[in-house]
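*Asks:* Count along the sequence shown starting at 1, add 60, and that's the number in the working numbering.
Since the hints were derived computationally from the structure, they do not count as laboratory data.
Lysine to aspartate or glutamate pairs mimicking EDC-like chemistry, simulated, CA-CA at most 20 angstroms apart:
no., residue 1, residue 2
1, K373, E406
2, K104, D153
3, K413, D376
4, K664, D576
5, K342, E383
6, K92, E68
7, K191, E181
8, K402, E428
9, K348, E396
10, K90, D71
11, K156, E107
12, K537, D180
13, K100, E148
14, K149, D541
15, K659, D365
16, K299, D229
17, K156, D108
18, K412, D423
19, K253, D141
20, K368, D343
21, K342, D374
22, K470, E630
23, K412, D314
24, K114, E145
25, K355, D374
26, K427, E393
27, K364, E630
28, K191, D180
29, K402, E431
30, K82, D108
31, K90, D110
32, K427, E406
33, K470, E632
34, K534, E177
35, K299, E234
36, K479, D541
37, K629, D587
38, K416, D376
39, K404, D376
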Amino acid sequence: MKIENKKEIFDFIVIDSGLNTKHTKILPAKYKGIHLMYDKQQRKIIEDSDIEDKIGHGTAVFYTIWKENKDARILVIKLFDTDMEISEKLLIDSLKYISNKYQGKIINLSCGLSVCENEDELAKVCNLLEKQGSTIVAAFANDGSISYPAACSSVIGVDISLKCQHIYDYEYVESDVINVRACGITHRLPWLKQEMKRVSGTSFACPYISALIYRMIKQKNVKTSICQIKKLLKRFAKKVYGYEKIDKLPQLFDIKNAILFPFNKEMHSIVKFSHLLQFNLKDVYDSKYLGVCGKNASTILNTKDLSKDYQIKDIDTLNWKDEFDTIILGHLEQLEQIIGKKYKKELLMLSKKNNKKVVMFDDLNYKESIEHLDNVYVPRISNRNLPCNRFGKLYKIGVPILCVTGTSSKQGKFTTQLKLREKFQKMGYKVGQLGTEPSSQLFGIDEVYPMGYGSTAYLDGMDEIVMINYLLNKIQKKRPDIILVGSQSQTIPYDSGNLRYMPIRQNNLLYASDPDGFLLICNYFDDDEYLQRNICFLNHFNAADNIIAIGIYPFQEDLQWAYLSNVKKEVEFKEAKKRAEEIQKKFGIATYILGREDKEIFEKCISYYTE
Numbered sequence: 061m062k063i064e065n066k067k068e069i070f071d072f073i074v075i076d077s078g079l080n081t082k083h084t085k086i087l088p089a090k091y092k093g094i095h096l097m098y099d100k101q102q103r104k105i106i107e108d109s110d111i112e113d114k115i116g117h118g119t120a121v122f123y124t125i126w127k128e129n130k131d132a133r134i135l136v137i138k139l140f141d142t143d144m145e146i147s148e149k150l151l152i153d154s155l156k157y158i159s160n161k162y163q164g165k166i167i168n169l170s171c172g173l174s175v176c177e178n179e180d181e182l183a184k185v186c187n188l189l190e191k192q193g194s195t196i197v198a199a200f201a202n203d204g205s206i207s208y209p210a211a212c213s214s215v216i217g218v219d220i221s222l223k224c225q226h227i228y229d230y231e232y233v234e235s236d237v238i239n240v241r242a243c244g245i246t247h248r249l250p251w252l253k254q255e256m257k258r259v260s261g262t263s264f265a266c267p268y269i270s271a272l273i274y275r276m277i278k279q280k281n282v283k284t285s286i287c288q289i290k291k292l293l294k295r296f297a298k299k300v301y302g303y304e305k306i307d308k309l310p311q312l313f314d315i316k317n318a319i320l321f322p323f324n325k326e327m328h329s330i331v332k333f334s335h336l337l338q339f340n341l342k343d344v345y346d347s348k349y350l351g352v353c354g355k356n357a358s359t360i361l362n363t364k365d366l367s368k369d370y371q372i373k374d375i376d377t378l379n380w381k382d383e384f385d386t387i388i389l390g391h392l393e394q395l396e397q398i399i400g401k402k403y404k405k406e407l408l409m410l411s412k413k414n415n416k417k418v419v420m421f422d423d424l425n426y427k428e429s430i431e432h433l434d435n436v437y438v439p440r441i442s443n444r445n446l447p448c449n450r451f452g453k454l455y456k457i458g459v460p461i462l463c464v465t466g467t468s469s470k471q472g473k474f475t476t477q478l479k480l481r482e483k484f485q486k487m488g489y490k491v492g493q494l495g496t497e498p499s500s501q502l503f504g505i506d507e508v509y510p511m512g513y514g515s516t517a518y519l520d521g522m523d524e525i526v527m528i529n530y531l532l533n534k535i536q537k538k539r540p541d542i543i544l545v546g547s548q549s550q551t552i553p554y555d556s557g558n559l560r561y562m563p564i565r566q567n568n569l570l571y572a573s574d575p576d577g578f579l580l581i582c583n584y585f586d587d588d589e590y591l592q593r594n595i596c597f598l599n600h601f602n603a604a605d606n607i608i609a610i611g612i613y614p615f616q617e618d619l620q621w622a623y624l625s626n627v628k629k630e631v632e633f634k635e636a637k638k639r640a641e642e643i644q645k646k647f648g649i650a651t652y653i654l655g656r657e658d659k660e661i662f663e664k665c666i667s668y669y670t671e
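Using the sequences and the hints, build the whole thing.
*Replies:* This is the structure:
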């Protein structure tokens, strides 16, 4: 008969930097101490008895818990030695080790990870410990970011609030990240040698909450389940921040065969990269009044590189009995104004009548939303989708981020992103991507924040940063090798005379993503002074010279205007190359021609990130 080893049970397990066992403030305390470390040869966690604190942090945390609960059985676990940095693997493996050998009613972690690549694995072991009867209380990082394991759902995550002035004052937060905001005043606590040090921060607010929870458990004689603990914390909190239910982001439905209308700028990339779509693009339609029906898409796009060419058809001749399940409707406002016909209303009605689904780049009004809720997808984002009660906390993204940005609109930035995506994937890299074009998810791009022309993202300011950062973290959870992000229009203001010159949303995207590298797209005709301002801004954005390359959009402005776009004349390669050499010589940044030297651009990006 197999006899299982019984776990040693403690009231508290304090995971930190150890303990100054010779400090006179500590000498009366009773405790058990172990040191956990990772043995590379044995490839497993081992323990010894050396718990001597070489930092002071663990001593202060232990004392805070012990002085309030002197009869409690405490296990001190030393996990780091010379600084407060802790590896993700060591933390996860140590928690697994603890779950097999020890049990603590309260596990105090006044440390953690600002970036967690294996969030699911960490959450899994925290869930296990919670099911075994342990309540993990963890401090958020002092830099204000979302950190782990404090952000895990089975952990009581502790932040600080300036509104709490007494050590046992706290606010309870109903959210998917933060649980408690505790007192952040300065404490005088034992440190190294016989020193008493004044300290503050989440690390030293956290043990007060651990001690408080322990007393609640004893007084109320409740089971140490996370739900019961949260109920008690909420009941006795100085203030409660209520949870506001958020709506799920719109989800793109499955598409097998689709048609699109009209063939305007937003649709060009769909036709150019039809081979990257997650479905079959069957036909392309436009209005007969624009003079493009009957022509081939390749003629209008002035390219021979289409994987599949399409003859533009008249939308008035559309047979709704044809074998397509979805119609993709681009922006229609300008077309309706020019033609004087309400295409949007008509096509929505016909789609519903003929049981067809609709992907729309324009938003629906309230009446349309009610009538077509079941068959229409719009990539709409509003404050109803915004995570609540974050108090400014953002995720730090641990995956390399490459941002494609530019000096103006209509430079092929989205085309460049799709080319990079395709090349990375062909090389076997797992690509995560946030698109800012409404068509993004048609290509299998993970998340979309549609902030360009006709935007259906109804957020601004700080809320916009929180939302984009939230979407990037969703992508990060899929553990890609790289994340691609693409901006809209320009990076810095053209002028200060009108709000349309202010790239506020573009800057919010940069703040939310904090890219590791930039691919800057410029026009052939951009002057050196304006280009230099763009370069300086990006280089100083996060204090790093991280412009990987400059791509020249080789077209010259022609002062003619048409519905499809303002007409541009392609510059001869020789002239474009001459301009590229001038830019590279002046600014010391590798410069290439878009469409002609895409391979070189990609190889430069690969080189940058692999180095």
